[in-house]
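Enquirer: Taken in order, these protein sequences are the chains called A and B. Residue numbers for the first sequence follow this note's numbering, beginning at 1 and rising by one. Residue numbers for the second sequence follow this note's numbering, beginning at 70 and rising by one.
None of these hints come from the bench; they were simulated from the model. For every residue, glycine included, the Cβ atom is placed at its ideal position computed from N, Cα and C. Incorrect hints may appear among the rest.
Stated by the list, open to error - Residues from chain B that face chain A, not an exhaustive set, calculated with beta carbons under 7 Å: (1) ALA152; (2) ASP243; (3) ILE277.
To be verified - Listed next, with one range per pair, are the computed distances between beta-carbon atoms: (4) A:ARG38 with B:GLU141: 34 to 40 Å; (5) A:ARG41 with B:LEU82: 50 to 56 Å; (6) A:ARG41 with B:GLU119: 35 to 41 Å.
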Amino acid sequence: MNKILLWFVAKTELFSCNDVSVKEIADKMTPVREETLRLPRSFAHNLRIIIDSEYELEESLKVTETNSP
Amino acid sequence: MFIFVRWRVTRSLNIKSALHTLAHDIRDEQNKIYRRTLQNNQGYPANEDERLYEYFDRLSNSVKRYFDSQVEGNVIAAGIRLAVEVRDSKPTKIVYATFGRSAGLSSKRAETSEDIPSYEGIPRFLIDSECQGILIYNDIDKAVALNAFKKTKNDDLYKGEIVTMMVAPLNAWDGNKTSMIGILYVTSRKKNTFKEKNVDSMRFAADIVASSIAFTVNTLKNEGRITGINRRGI
């Protein structure tokens, strides 16, 4: 058991509670276009974030004003 | 013999107490949001994004405490990455960015934190696998060598902080459907910390944390409390 294992325990049709080694997982990692992935677009849109180096909080990103004291 | 039984009972009570803390905090946060809605958000601060970060740190700390109670030594830490849209990216890009860190992970990590694109590393693999399952990394360096883990700057800067880790998808309502809104990391400073017996605890933690985050973010968005979020530590 000296080899390093990455245990994958899952209940999916692909892996029914199997343990899969790192190598097997790595073999599955073929290049893919982002649009083919099932992504949480709606959720991610709620948390739009400024990633670039400018970090300017633009008007559209400002938190809604409230009647804070 | 009696000492062992006593130790086991104490351990069991600590685990239950940590579980209660996790559920308690989530319930309180939801109540706070309901109360605000009732009061039309009056009297509440405008910097909702900073408060969100604090909540995600609290969630991370509760998860840390839960696993601390299961593992010997104070070696556990927890972190939360969430799916965020990179503004103005064309085509729109989604990355998984760190939003919550527990004690045990340097707060300075925020300054050098890197986002992981949805099509790389752990996010990609989990999405490919129907967003199910728990990953346990026993040796990160070898996982990197096999291209099963994408190292970030912080992995090199804070090497001793994460020696092994357990990773779970955060699956919840994203506004339109159920999908992987984030990733939960439970890390250890010690080798061979996590076993299969920890997997169900991880599943539980991931489910309750995902549900809470989805409720919080979606509700605040619907209430007009957040229209975006500023990057922390910048």
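Enquirer: Hint by hint, note whether the structure agrees.
Expert: The hints, checked one at a time:
1. ALA152: holds (4 Å)
2. ASP243: holds (4 Å)
3. ILE277: Interface hint status for ILE277 of chain B: violated (17 Å vs cutoff 7 Å).
4. A:ARG38 with B:GLU141: 34 to 40 Å: Hint holds: Cβ distance 39 Å, inside 34 to 40 Å.
5. A:ARG41 with B:LEU82: 50 to 56 Å: violated (43 Å)
6. A:ARG41 with B:GLU119: 35 to 41 Å: violated (25 Å)
Violated hints, listed in ascending order, are 3, 5 and 6; each of the other numbered hints is respected by the structure.
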